[in-house]
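Novice: Chains A and U, in that order, give the protein sequences. Here the first sequence is numbered in numbering that gives the first Met the number 0, starting from 0 and rising by one per residue. Here the second sequence is numbered in numbering that gives the first Met the number 0, starting from 0 and rising by one per residue.
Just so you know, these hints were derived from the structure itself, not from any lab. Mixed in with the good hints there might be a few duds.
No more than 25 angstroms apart at the CA atoms, straight line, and that leaves these computed lysine to aspartate or glutamate pairs for DMTMM-like [stated by the list, open to error]:
1. K238(A) - D234(U)
2. K70(U) - E16(U)
3. K349(A) - E281(U)
4. K349(A) - E288(U)
5. K61(U) - E308(A)
6. K97(A) - E201(U)
7. K352(A) - E419(U)
8. K352(A) - E16(U)
9. K169(U) - E158(U)
10. K349(A) - E236(U)
Quick partial rundown of chain U residues pointing at chain A, CB under 8 angstroms, derived from the structure [stated by the list, open to error]:
11. A38
12. G204
13. C226
14. L229
15. R293
16. G307
17. A328
18. R374
19. L418
20. E419
Far from chain U, by Cβ distances over 10 angstroms, these chain A residues were calculated [to be verified]:
21. F18
22. E267
23. S310
24. F319
25. V355
26. K382
By construction, the Cβ of each residue, glycine as well, lies at the ideal position given by its N, Cα and C atoms.
Protein chains: 2
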Amino acid sequence: MDIKTYISDNENRFLDELFSLIRIPSISAFAENKSDMIACAQRWQTLLLEAGAERVEILQTKGNPIVFAEKIIDKSAKTALVYGHYDVMPVEPLNEWKTPPFEPQVVDNHIFARGADDDKGQSFIQVKAFEYLVKTAQLPCNVKFIFEGEEEIGSPSLEEFCENNKELLKADLILVSDTSMLGADLPSLTNGLRGLAYWQIEVTGANRDLHSGHFGGAVANPINELCKILAQVVDNEGKITVPHFYDKVVPLSAEERTMIAQVPFDLEKYKQAIDIQEVTGEVGYSTLERNSCRPSFDVCGIWGGFTGEGSKTVIPSKAFAKVSCRLVADQNHEEISRLFCDYIYSIAPKSVKINVLSMHGGEAYLCPTNHFAYRAAEIGFEKAFGKKPLSVRRGGSIPIIATFEKVLNIKTILMGFGLESDAIHSPNENFNLDIFRKGIEAVVEFYKNL
Amino acid sequence: MDIKTYISDNENRFLDELFSLIRIPSISAFAENKSDMIACAQRWQTLLLEAGAERVEILQTKGNPIVFAEKIIDKSAKTALVYGHYDVMPVEPLNEWKTPPFEPQVVDNHIFARGADDDKGQSFIQVKAFEYLVKTAQLPCNVKFIFEGEEEIGSPSLEEFCENNKELLKADLILVSDTSMLGADLPSLTNGLRGLAYWQIEVTGANRDLHSGHFGGAVANPINELCKILAQVVDNEGKITVPHFYDKVVPLSAEERTMIAQVPFDLEKYKQAIDIQEVTGEVGYSTLERNSCRPSFDVCGIWGGFTGEGSKTVIPSKAFAKVSCRLVADQNHEEISRLFCDYIYSIAPKSVKINVLSMHGGEAYLCPTNHFAYRAAEIGFEKAFGKKPLSVRRGGSIPIIATFEKVLNIKTILMGFGLESDAIHSPNENFNLDIFRKGIEAVVEFYKNL
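Chain A with its partners taken away, still in its complex shape (with noise of 0.2 angstroms):
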């Protein structure tokens, strides 16, 4: 049977599969998931025995647990590890969402629910490429799975695992689905990706909050100096201003600028697409560049004195941000979270008090394109889509894929199947059906072609 018509006649079964997975609100960020992350780990414990493994076990981290599995079929052929994750982003706003979150729909040819694309849907192409070939007896090498729980989190077990179970990760290649295409006719495999370094900022003026008409204009308000700092990190040029910042960026070579330059982009369709009228950034780097080659500095939240309704003159006693730099090779993200925190105090003021807690963080990475399993996955990729794909950088952060390079001495294939559209993070997260039929495709012909 061809895995065309496989997956045609278990499609029924692969939604409902995929959705009992979905329907589990794995989100790693919050401690009153906490059940729901061992429940996850046991519904793909399941799922795995059921596709083929021989072997699956639920191993315990100091944080959440890593399922792993494994079918070895010849010791001395080549083996794939398959990395993945089960845990989620939480889902706020929860108005904006169009469909629940956790209960999954099937909407004009998209699965709409958070995990649909990131990581769950992507994981399932994996492990149900997996099934068909233990299924029709055609897998080529020994398979093994770790799908983490706290990818979202920055992974901060799964370092330690590696180091602690060598044996049991040893592999020829790591094989992952959780990066993006160019678009859904634009096949593209990610040779790059951003690293990212997090942190939260805490200001404290006065010991209460205080009558701002007592008190204004003669007494620092946290909120103004915090704005004040997270304005200053980056400049009128759209430059980091921390100090020895890009010391150790790579820069981009004239090769990479011009394959970047051919890639398809309609800048006018990109802004209507997120409804802006002018994009922005570093003064020299096009839009493509900026979002995948070059670092960025976001506030990602920040909170701070009265925010309900109506008004209230107070100057609060507290502000807070929180905000992340995207990272890119040969970035260290340790230093540079140490020389972020070093130029953060040293531009406070000293009318407030300061604390800047680096909260985790993880290497950028790039990829060799002439490695054997990155021209299988050209390969699947061309079968399944019908082109060859592109080679690009992206600007999302897989931190542990530099993990593994450092821990296990293993290279990693990005074969990702996301779209832009399918709005990961963000609420009406959502998987392309074709996207997730042609990917299933695409993973079997790689193992064929390994």
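Following the hints, complete the assembly by docking chain U onto the known chain A.
Specialist: Chain U in isolation, oriented as in the chain A frame:
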């Protein structure tokens, strides 16, 4: 019976009455407290009748009702109009209160509760002084009371009410207890107040929250942009950068600066009391000048993006701030509001959409120190506190004072009995019982010396 004896004989009843007012959570900022506003107005009605008012009406406005009371002893005698407000500020952050905000308690000779000072406690002083003069047949003039329920949200209904009730409100002077003294042993009379303008700013970036990996560095982040905008409003010298902002500010005279320099003020104690390392503000002015005679700009609240537990990498669609300026004579709040809006729109980048909503405002006030009632107030303070009060401008705003002058053409005498340490608008608001007693005495002496 002298006033001191009257107070001590009746103190338990006084506190019971005041506590019955405080227990009603008359927070004007919240629609959910609407019925509490009416309950509080009715409680005042009862208390005013019991104190000796002949006629007490609850008068509807387009907002919260106004309590009007009067006792006319002689149509040809002078008339004092006592203004107060029965609404209070919100109580957030609730967890910082040592006692529940609407369950008044006396601890260490202080009443702790929202409204203990501002303005239920202070208004109550006026009513109890009136009661004493009525019960002892010493009232030397007609007295009218007007207690409104919207002072903390900018008195949006009072100007129209004054316009429509000029005859009802006719008086020779207005008496207000809603300001503070320099210290418990530093009696002072307020001869000036700052004005206020209040806005909400909304910054919109993309039409949805974006993944900071996929868009970071290429698309404007509304929080980053909001911070840049707010950081520009005050320059490095503490001056507000809005064009023409200072055009109409009455400069501080040499005489007034000399008088302010004579006010006892211990900067170290001031900093210690609110636990700050350094004061800040407009270059060239002292702390006492900055917080009373010069304008200021404060962000009263800010919010946007992910503010929950843990971390989320997101470029939010929207960011918000509530901001306000304290104004001084002769700045017109409506003109300042227009200048501010124009300025914010002018400095906003095209990469985001901006909306600036003018929420409310009021004029600053300056009172002549040679007014006959001002002199009576000086004597009242001197008799009660044993010292001639200092004349000082204060930094707070009671916009309605300027409105009284404009609409009713009546000067207001600000007999305020609060202390800085009363923590009005903050958690653990409190009112000193000694000051409470002396306040009643001072108002009695005021009437006797009118």
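Novice: A separate judgement is required for each hint: does it hold in the structure or not?
Specialist: Here is what the structure says about each hint:
1. K238(A) - D234(U): holds (22 angstroms)
2. K70(U) - E16(U): holds (20 angstroms)
3. K349(A) - E281(U): holds (15 angstroms)
4. K349(A) - E288(U): holds (21 angstroms)
5. K61(U) - E308(A): holds (19 angstroms)
6. K97(A) - E201(U): holds (24 angstroms)
7. K352(A) - E419(U): The given pair, whose Cα atoms are some 23 angstroms apart, holds under the 25 angstroms limit.
8. K352(A) - E16(U): violated (43 angstroms)
9. K169(U) - E158(U): holds (15 angstroms)
10. K349(A) - E236(U): holds (15 angstroms)
11. A38: This interface hint is violated because 20 angstroms lies over the 8 angstroms limit.
12. G204: This hint holds: G204(U) lies near chain A, its Cβ roughly 7 angstroms from the closest one there, short of 8 angstroms.
13. C226: holds (4 angstroms)
14. L229: With Cβ-Cβ at 4 angstroms, under 8 angstroms, it holds.
15. R293: holds (6 angstroms)
16. G307: holds (6 angstroms)
17. A328: Because about 15 angstroms separates A328(U) from the closest Cβ in chain A, which is outside the 8 angstroms limit, the hint is violated.
18. R374: Because about 26 angstroms separates R374(U) from the closest Cβ in chain A, which is outside the 8 angstroms limit, the hint is violated.
19. L418: violated (11 angstroms)
20. E419: holds (7 angstroms)
21. F18: Holds, since 23 angstroms exceeds 10 angstroms.
22. E267: holds (14 angstroms)
23. S310: Not fine: 5 angstroms to the nearest Cβ puts S310(A) too close to chain U.
24. F319: About 7 angstroms separates F319(A) from the closest Cβ of chain U, which leaves it inside 10 angstroms; violated.
25. V355: holds (14 angstroms)
26. K382: Its Cβ never comes within 10 angstroms of chain U, the nearest being 27 angstroms, so this holds.
In summary, the structure is inconsistent with hints 8, 11, 17, 18, 19, 23 and 24 from the numbered list given earlier, while agreeing with the others.
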